[in-house]
Every structure is written in C-alpha cells, then in structure tokens.
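There are 2 protein chains.
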Amino acid sequence: MPKQIAVIGLGLIGGSMAMALQGFEDFEIVGVDNDPATLEFARTHSAAHRLTSDAGAAIAMADVVYLCLHPGAIVDFLSTHRQAFKPGALVTDVCGIKTAIVDAAAVLPPEVDFIGGHPMAGKETSGIFHADKALFQGAHYILTPRPGHRSEHLDLLRRIAAHIGCRDVVETTTQKHDAIIAYTSQVMHIMAVAVCDDPDLFECRGFEGGSFRDCTRVAALDVPLWTELFSMNASALTKVIRNLEDNLRSYREVLERGDTAALTQKLAWSADRKRHMDLE
Amino acid sequence: MPKQIAVIGLGLIGGSMAMALQGFEDFEIVGVDNDPATLEFARTHSAAHRLTSDAGAAIAMADVVYLCLHPGAIVDFLSTHRQAFKPGALVTDVCGIKTAIVDAAAVLPPEVDFIGGHPMAGKETSGIFHADKALFQGAHYILTPRPGHRSEHLDLLRRIAAHIGCRDVVETTTQKHDAIIAYTSQVMHIMAVAVCDDPDLFECRGFEGGSFRDCTRVAALDVPLWTELFSMNASALTKVIRNLEDNLRSYREVLERGDTAALTQKLAWSADRKRHMDLE
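Protein chains in written order, with full-length UniProt numbering: chain A, 1 to 280; chain B, 1 to 280.
Hint data in this document are derived by calculation from the structure and do not stem from the laboratory.
Just to be clear, a hint being listed does not mean it is correct.
Copies of the same chain are indistinguishable here, so a pair counts whether it falls within one copy or spans any two.
Heads up, simulated EDC-like pairs for lysine to aspartate or glutamate below, C-alpha to C-alpha not over 20 Å straight-line [said to hold, decoys possible]:
hint: 1; residue 1: LYS123; residue 2: ASP214
hint: 2; residue 1: LYS239; residue 2: ASP222
hint: 3; residue 1: LYS123; residue 2: GLU111
hint: 4; residue 1: LYS239; residue 2: GLU203
Given only the sequences and the hints, what does the whole structure look like? Please build it.
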C-alpha cells in the first residue's frame, strides 16, 4: 500500500499543492474538502489521486497531512482531530502566520510531529478554480521546525519543496517569520488597500503605469482570510505600519519645507539601500 | 529633403524614443546629446538616423522637437533656445510633470507650437544603455494641449503614439495631469523608498514574495530626476502622501483596537473598490 499525503482544504493553495504534489516519490495524494463544487472541480481536473469529504478517515491513514485551511480553521482542526492523526505522521501547514499555528499544534500527542510551513506563493484570487500546479515555482518555502522535530520529516519537506519547484527552503523561528512577514507581505497588502481608499481612485484610469498596477494588484484580497492573517499577527503588523507612516511623513515634511538638498539626500540613501539589497 | 524630428537628450526615455520613432512616416530622426559616451553608444546601436551634439543646429532644421531632458533642464532649454526653433515647428516633451513645463513654454514665440506630453513608460534604470524601442508598448500617452494649439500637431502626436505602440492617447489639462500623476506614479515611488527605509530591510532576504518585489522595484530610482519631479509637483504630492498616511493609520488603529468586525468591513470596502476599478 502506498504512503499517503492528505491535503486538508482544497482552496487556491491546497488545490495547487495537491496538484503539485502528484508524482512526488511514491506518495498517493488524497484531497479533502467539505464543499461539493470544490470536490467536483478537483475530480474533473485530477487535482488529487483520491478525493473525500471525510477528513477523519483521511488523516487516520495519512503519513503526511497538509493543513491548507484558513488560520482559525487550522487551530480548530488541530484541536478537534488531535487524537485522529496516524502515530508517527508528519503534520504541516501552508499558513502565512506561524506563531499562532505552531502554538496550537501543542495539543498534538508526542507521537505526531508538527513542522510549520509557509510556501510564499499566492494570487489575488481564491478557490480551487484558480489553482495552478506551477504556483510554487520560484517561491521561498519557509519552515519553522519545533525543538524535538524528527529530522527525517524536515528532509521530507525539503524534498517536497524541490519537487513543487520552490527556489529554496528557509528555516527560521515562528517569531522571526511573523515579524518579517508583517513587513515583506502583510504591509504590502495594507498599502494596496490603503491606496485604493484614496478618493481619486476612479479618476486614475488612463493615468496608471506599471508601478500603480503592481502595487494595487493584491488589493482585491480574500477578506475573511486576510482579516484573520492580519488580526493574528497584529502586534508585528502595527509596528511595521507605524514605521511606514513615519517614513512617509518624513518624506512629506521635506517636500513641504521645499528642502531640495534634504530630499536629494533622503532619496539617495533609500535608493542606495534598495540597490544594496539587490546586490547581495 | 525629409522632414526631421530632433530628440534632445538621449537618456533612457530619449534614447528609447529615438529608436521607437524610426520608421515613422518619412521623418528623419536626429538624436542630440552632449555626452560623448552616449553619442557613441547611440551610433553603434543605430539609435537615430543622425547624431549630433549641436542642439541649436538640430532644432533650427527640425519640424518636431522632442525634449527628453530632466524637467529643470527643459525649462532652461526652452528659455535659452526660444528664438532658435524653426517657425511652424511642433515642440513637445516626455516629462512626468506638466504644469511647470507648459508654463515654461510660454517663452516660445507664437509661430512655435508647444504640446506637453507624457508617455507613461519607464524603468528603474537610467541612460541610453538601457534604452529599448519597445519601452512604450502598451503605455498610456498623455497629452496636455494648450488653448490655440494647431490641431494637425495633435493629430501628428496621435499617429506617433500609435507608431511607438502606445495603448491610447489621453488628453487632459496640466493641472489634472499633475494631481493624478502624484497619486498613480509619484506616491508609488515615495512608498517604495519609504518601505526601503524600514530598519528590517536587510533581514527580509528569503522572505520576500511577489508583492514585495513589485512594490520596491522602483525604489532604485534616478535621484536627480526624481528630486526634480517630486519638488516641482510638491503641492499635489504632499496631499496624496497625507491621504495615504491617514488611510494607513486608520488600518493600524483598527488593528490596535482588535476590532475584527471593523477590519473585515474596511477590507471588504477597499477590496470592492479595487474590483470595481478593474471592471470598468
């Protein structure tokens, strides 16, 4: 009997993951979802080798479980099903925040290993209907192993990352992940929606260039998902937003003073930081 | 003798424009620059039909003059050469701000027509070494004709816009251009540099996704150019920065209060604006 990977939740990320996992070593991929339309789409698009709505049965048989639900639902799932995982199994997730998830995994019995994961890929759309087996190509795959994790499971996740096309695997702590992700991802989304709150938004057709299209692309976000991601990382995120407000105000004040020399100096400093970042 | 278009200043935009203009009707393209290395590069890459460092001689013969200098240099050029243009000529520019430029064109004699222009294309690099004849493909070409302009010149610019591959031509006033461009372009650049001012910039390697790369792409900007563009449009730009600060603070305060319902409502409103913008 082949080893099994159960993917719980076939949304954009779970659906893409189930598709991308196919062909990984000799694993059978089992897709799990409650929604009949999602299961039907998954069936007609061969998103997994097998499909079911019975999560309990799937995880009882699975050697690896990928939790691809919204963060609050992952916390609930871990609590509800904590005794139902196969002993010796690896449980992992794909969620954009890590501290709340890994803390919730403390309910698991000691014979079940949990390693938090975050493949940094996404789209400004939701649901399996937009899933793409190439979604993870070129993405960083961040892992936050707990003390005492089993090293063969970390090796397994590294082989999966390579199979699905990730650029590299980055190991870090849950705290560092959440602090940095507030900066590199969450505040990008807050900026995009804040830009769309400008009263001139609908005046700008015909005047938008690449930078505007790039910045606002992620504003059409999945509201329930991002409400959870932002709320469950509010402490790190509000610190980054405050930094950004301060940095914007500093530019505004130099412009209001008409201090061209100071503006030149500030721009040179910032542009140099960006070039320095690109070089290394 | 063929009609001539003189391109004054063969930087990224001027060099790309000279390349893109070749083949436009029966015009001969004359490239003008002071810098020997730029002229040599232009010669070996056939950036124009003819090349010279003598701007005065070039504009005396040119039926169309494209001013592709930095904004302050355009103002100086118009003042210095105001009597040297060929009577009946069209003078235009490619500058990212329009009020200061069109105001400066008031020094021209009445037999020289000036129509301000802004093809909305660019790159985060400078100089003819990065020029690309396809740079304007798909871009909006904004024109700000003055009262009393000659309609055949507007027609000519429309045909040029089509020839160089622009998506459309948008006619507006200099005031509206500068107000909207502060929002759709200038503040995107201010955001990019402000993001790079965050103390965590160099911590973020390995944690950056598409939205971070997109947002910060334009931060490595041409400092002298953008110092002028920002300074010469400071009134409109500071208003937009203040709006953005307010909108960011509003998101931060909801997060600090832990008011999930208000966060959901705000995100739904903003995301809906973005989707509405895409639909029309």
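Cross-check of the supplied hints:
Proximity of LYS123 and ASP214 under a CA criterion of 20 Å is satisfied in both settings, with 13 Å inside one chain copy and 13 Å between copies. Neither within a single protomer nor between protomers do LYS239 and ASP222 lie at most 20 Å apart by alpha-carbon distance, with minima of 23 Å and 30 Å respectively. Taking identical chains as interchangeable, the C-alpha atoms of LYS123 and GLU111 are never at most 20 Å apart, the minima being 35 Å within one chain and 54 Å between chains. Proximity of LYS239 to GLU203 under the C-alpha cut-off of 20 Å is restricted to the inter-copy arrangement: shortest distance 15 Å between copies versus 32 Å within a copy.
Violated hints, listed in ascending order, are 2, 3; each of the other numbered hints is respected by the structure.
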